[in-house]
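Protein sequence lines correspond, in order, to chains A and B.
FYI, this note's numbering numbers position 85 of the first sequence as 214, with every residue one higher than the one before it.
FYI, this note's numbering numbers position 85 of the second sequence as 214, with every residue one higher than the one before it.
These are computed hints drawn from the structure, not numbers from a lab.
Please note: incorrect hints may appear among the correct ones.
Which copy is meant is left open, so a pair is good if it fits within one copy or across any two.
What the hints assert, rightly or not - In silico DMTMM-like links for lysine to aspartate or glutamate, alpha-carbon gap of 25 Å or less:
1) K234 - E246
2) K241 - E320
3) K234 - D169
4) K168 - D256
Protein chains: 2
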Amino acid sequence: MPVLYHHPMSTASRFVRLIFSEYNVHAELLEEQIWEKRKDFFSLNPAGTLPVYVDDNMRALCGATIISEFLDETSGVLKRDRRLLAEDPFQRAEIRRLTEWFLIKMEQDVTKPLVRERVYKLQMAPDQGGGAPDSKVLRTSRSNIRQHMRYLGWLAGSRTWLAGERLSYADLAAAAALSVLDYLGEIDWNESAAVKEWYQRLKSRPGFRPLLNDRIRGVTPVSHYADLDF
Amino acid sequence: MPVLYHHPMSTASRFVRLIFSEYNVHAELLEEQIWEKRKDFFSLNPAGTLPVYVDDNMRALCGATIISEFLDETSGVLKRDRRLLAEDPFQRAEIRRLTEWFLIKMEQDVTKPLVRERVYKLQMAPDQGGGAPDSKVLRTSRSNIRQHMRYLGWLAGSRTWLAGERLSYADLAAAAALSVLDYLGEIDWNESAAVKEWYQRLKSRPGFRPLLNDRIRGVTPVSHYADLDF
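Next comes chain A alone, as it looks inside the complex:
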């Protein structure tokens, strides 16, 4: 059975798990603590990033962009109107732009620093960079959330799904990021009714259930984390 190296607090890993579910792809999940810099993991992915997908022939695909393009080419192409990347090259470009926005830009501005400070540093040894959260980093990341929520509010308010009329990779990427931040209680759902309504639709999909069951040692999720009504 194929394997997905992932972490429950990694947006990119959650994004790929959501695609797996939409495309009915099955893989065994193995949790990787990337800060341990495990040698066997680095030989799979010299960049040391998550997620990594290893198929039955031990071929490794590294990173969410590469895995999602591969899944489009091998599964998506057969799905007609349930394909998560469009057919038209310009529409594909718009889906990719938004997907990058949530997996790279929002990740850098918000999700990665918050997860590092609030989750990873709790589990890291001092010589791995562990310790108490840096309050300055928390403050900056939290003030960046607002800008991203405004953009998301604009997208969710003006389109059925984030990239247009169809559910796409853009929705799964944004929902993956929000679900990590929501676990940590960092999202103010009163800020935008349109974002809340859109996230509720995502949260009700079968692929979301395993994400809502994820638990991190030492970090309890916010009380509404797994509720479909929140």
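Keeping the supplied structure of chain A fixed, place chain B upon it in accordance with the hints.
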């Protein structure tokens, strides 16, 4: 005529210019100083990054990954054995992995900080972050070059082109990064004969000529920068 917003010292912009040449796509080049945060540019690309491609219908494509996938879908697909992304999904994944390596990982570790310290800060006003280069950043980036050159040496020494038997996006991405660093005299060509031989082949392609003619105000290129024999 389509327009490409670019900067001569941006690896991602050079990568796209090299694809244009291989695929015979024509666009007017407009130099963008991203640190000026021009409002019209941000309305094209809210992420504020280069390159941005704007077609004749004023549709904007933002970023090298998105532009290169678009060019594969609209031009590459017609090129048969001159296509710069393979046909096989696993081979495509390997090309994308290496392309990301040079456009994202090497960029973060080496090219972006070096260009920022040595080029952009010269042209920025003090309130934009301009000033003298930070010698600590220079030292760290320079020590990171070695690791990337070793990896490149291994790839160039064990394969005809970086991702296999055919010229691909991986070669153009790596050569784009090296050409920026070479302009600044940061590459020690004696370190790997295989890398030098591979780069010489790239440098001789017609698409490289405009890059070798690029000049930056206040920063003279190293003397061998434009030589095909170096």
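Each hint, compared with the structure:
{"no.": "1", "hint": "K234 - E246", "verdict": "both (18 Å within a copy, 22 Å between copies)"}
{"no.": "2", "hint": "K241 - E320", "verdict": "within (22 Å within a copy, 36 Å between copies)"}
{"no.": "3", "hint": "K234 - D169", "verdict": "between (29 Å within a copy, 20 Å between copies)"}
{"no.": "4", "hint": "K168 - D256", "verdict": "within (17 Å within a copy, 44 Å between copies)"}
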